[in-house]
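Novice: Sequence:
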Amino acid sequence: MVHGRTTYRFGWLVLVWLWTLPWLCSHAGEGVSPSEEQLKVAYLYNFTKFVAWPADAFAREDTPFHLCILGTDPFGPLLDSLAKKSVQGRPIVVSRLTGLSKENVCQLLYISASFVGDLSSFVSLLEGKPVLTIGEVPGFIQSGGMINFVRLQEHLRFEVHPDHLQKAGLKASAAMLQVAIVVR
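Sequential numbering of the sequence shown, starting at 1, is according to the numbering used here.
You may find that some hints are simply not true.
As the list claims (entries may be wrong) - Computed cross-link-like contacts, DMTMM-like style, restricted to lysine to aspartate or glutamate with a CA-CA straight-line distance of at most 20 Å:
| id | residue 1 | residue 2 |
| --- | --- | --- |
| 1 | K171 | E159 |
| 2 | K85 | E37 |
| 3 | K167 | E127 |
| 4 | K129 | D118 |
| 5 | K129 | D80 |
| 6 | K85 | E61 |
| 7 | K171 | D80 |
| 8 | K85 | D62 |
| 9 | K49 | D80 |
| 10 | K84 | E61 |
Think of the hints as simulated: they come from the structure by calculation, not from any bench.
Using the sequences provided together with the hints, build the complete structure.
Specialist: What follows is the structure, given as structure tokens:
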């Protein structure tokens, strides 16, 4: 059984890699491995494909998908290139936020490592809203975050807390959870 699960995980990773390979190659020189920032942006985009948002997460059928960054943007033009893509037929709008308020409209909120503040207070501001929160700081998941980037044995991985997603009305696909480090 372990062999089958390993094969499934490897197959899913290959599929994700194939989806993002053309995009990564256009943003890295030939023969150059993608940078950590390129991998994270590719993950952000792929998370939008493997997480389901409820219909009421969008005001109208033609409402754009809002991808927001809180804190210093570590991605720059890489992230802007996602504005040329779409999520479930919706164009992506990238926003860089200096703070968070109830007026912000985001379907995906990435909290930069530069963010200085009380994570649990901003997570409580989003409680019950269909906003996928992603971070890369220690304690992010424990503070109510949904996905956290981590480095394990020189590899970029991600933790997911499915219960936090469920409380926000979001659902991660089984394929995504198979390759994630699931935290409960």
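Novice: Work down the list of hints and note, for each, if the structure agrees.
Specialist: Verification of the hints:
Restraint check for K171 and E159: satisfied, since their Cα atoms lie roughly 15 Å apart, inside the 20 Å limit. At most 20 Å may separate the alpha-carbon atoms for a hinted pair to count; K85 and E37 meet this at roughly 18 Å. This hinted pair checks out: K167 and E127 have alpha carbons roughly 8 Å apart, not beyond 20 Å. As the CA atoms of K129 and D118 are separated by approximately 19 Å, the hinted pair is consistent with the 20 Å bound.
With a C-alpha separation of about 25 Å, the suggested pair K129 and D80 falls outside the 20 Å cut-off, and the hint is violated. For the hint linking K85 to E61, the alpha-carbon distance of about 17 Å falls within 20 Å, and the restraint holds. Between K171 and D80 the alpha-carbon distance is near 26 Å, which puts this suggested pair outside the 20 Å criterion. Annotation: proposed proximity of K85 to D62 holds, straight-line Cα distance about 15 Å (limit 20 Å).
About 18 Å separates the Cα atoms of K49 and D80, which keeps this hinted pair within 20 Å; it holds. Distance check on the hinted pair: K84 and E61 sit about 19 Å apart at the alpha-carbon level, within 20 Å; holds.
When each numbered hint is compared with the structure, violations occur for hints 5 and 7.
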